[in-house]
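A.B. asks: Protein chains in written order, with the numbering used here: chain A, 1 to 247; chain B, 1 to 160.
Hints are computed from structural coordinates only; laboratory data are not their basis. Glycine included, every Cβ here is placed at the ideal spot set by N, Cα and C. Worth double-checking, as some hints may not be accurate.
Below, simulated DSS-like cross-link-like pairs (lysine-lysine); rule was C-alpha separation at most 25 Å, straight line [to be verified]:
# : chain 1 : residue 1 : chain 2 : residue 2
1 : B       : Lys-137   : A       : Lys-7
2 : A       : Lys-85    : B       : Lys-61
3 : A       : Lys-87    : B       : Lys-137
4 : B       : Lys-61    : B       : Lys-122
5 : B       : Lys-2     : B       : Lys-61
6 : A       : Lys-85    : A       : Lys-175
7 : A       : Lys-12    : A       : Lys-235
8 : A       : Lys-235   : A       : Lys-175
9 : A       : Lys-175   : A       : Lys-87
A short, non-exhaustive set of chain A residues, derived as facing chain B with CB atoms under 10 Å [what the hints assert, rightly or not]:
#  : residue
10 : Leu-42
11 : Ser-128
12 : Trp-180
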Amino acid sequence: MWVWFAKLGSPKWFYEISGRWLPWMSGAMVLSIGFATVWALLFLPPDYQQGYTSRILVVHVAVAGTSLAFFPLMAVAGAITLVWKMKLADMVAKNAAPIGAWFSFLTLATGSLWGSVTWGTWWEWSDSRLVSMLFQFFLMIGVISLRSALDDNDQSARACALLAILGCINVVVIKYSVEWWNTLHQPASAVTIGGGDVNGPEFWVVTLLMILGVYLFMGISLILSTRNEILEREKNAVWVQEIANDS
Amino acid sequence: MKPHRRNRLALILFISFGLSVTVGLTLFALSQNINMFFTPTQVAQGEVQPGQAFRIGGMVKEGSLVKNELDLAVRFTTTDFVSDVPIAYNEASGILPDLFREGQGIVAEGSVDAFGIFQATKVLAKHDENYMSPEVKAAMDAAKLLNADESDLVNEELTK
């Protein structure tokens, strides 16, 4: 098991294996996001209350759900960096932050659009779900700034790992804000399997497909930027020189 | 695992635990302020000072909505099915959201006046987490109506 763990930490090994994954992931992403988009725009039934406005839920739920994955990912990667000093883990943590910031922003933007139509407001400072998500966006910006504020790479990696752990606690707050406190935002929907019921398959199958596609997009973005980082940090290694000479 | 690594992992877990407890206790202490609105029951129990600005959240009571087309004044009652609070609003200060209707959840901002009427300056519509197509909604309503009829019949049988 430890051999496998050590292997995973090798940038060269990761560069090679991720290069083999990328075409499959990209294909699956294009298929799932493409199919889900067409389905959501053309065939998703209107909600009895909100009409066609509810179609934005497909994008909003997918983006919001994915945005919650970043801080746990960064915290686990950060902990591995702190304990085992694995170079690859720190590269993943570093490159996750900007992508996570974009996902948090998109969550706020799509939610704002939805809220402006259904609630009658773009933004409510008093809603804990909205504010905790904004806090996540700011924390992401904080992690990015902290990373570039410290020159020493080991030091910035350690500081960012601690901030990522704080971000993890916030993820729990975001998730349960709608249950712990009363909010304008609705709680998470419980899906039903059979037809003819609330939140039936006609709503969640397409949403699930979009979630899958967006997670793939997240994975691909992260892999691509991490591969860049690997080449940058290992530019003096022989195997990177060979790649450079081949192309 | 090497001792120095085990120590560092323990330190990280300790810090995470400490931070969680701190954040948890802070949020618990602030929970009254984090709640977005008071319920009509809380208002009825006098948890809000007279004249204090606050938000109230509840359902628009069926049959309580009155709109004055001349001065755009809107009157309705909000309820949590335990207590009721009457609300006055004027659409001159902002059109009500499309989702606003009887039986709908709302959040209103304002304060209670001397007559016990909540003078709202802003009214927002809530929507729940249950999505349904109009066909499913119609079918469910029909089924509910049918059940109600049947239970009425049963009741009639019993009263005979």
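A.B. asks: Would you mind marking each hint as holding or not holding in the structure?
C.D. replies: Evaluation of the provided hints:
1. Lys-137(B) / Lys-7(A): With a Cα-Cα distance of about 55 Å, the restraint between Lys-137(B) and Lys-7(A) is violated, given a limit of 25 Å.
2. Lys-85(A) / Lys-61(B): Not satisfied, since the Cα-Cα distance of roughly 61 Å exceeds 25 Å.
3. Lys-87(A) / Lys-137(B): 55 Å, violated
4. Lys-61(B) / Lys-122(B): 18 Å, holds
5. Lys-2(B) / Lys-61(B): 66 Å, violated
6. Lys-85(A) / Lys-175(A): 31 Å, violated
7. Lys-12(A) / Lys-235(A): The given pair, whose Cα atoms are some 11 Å apart, holds under the 25 Å limit.
8. Lys-235(A) / Lys-175(A): Between Lys-235(A) and Lys-175(A) the Cα gap is close to 41 Å, so the pair fails against 25 Å, i.e. violated.
9. Lys-175(A) / Lys-87(A): Judged against 25 Å, a Cα distance of about 31 Å means the pair is violated.
10. Leu-42: With a closest approach of 15 Å, the Leu-42(A) hint is violated.
11. Ser-128: Result: holds, 5 Å to nearest chain B Cβ.
12. Trp-180: 7 Å, holds
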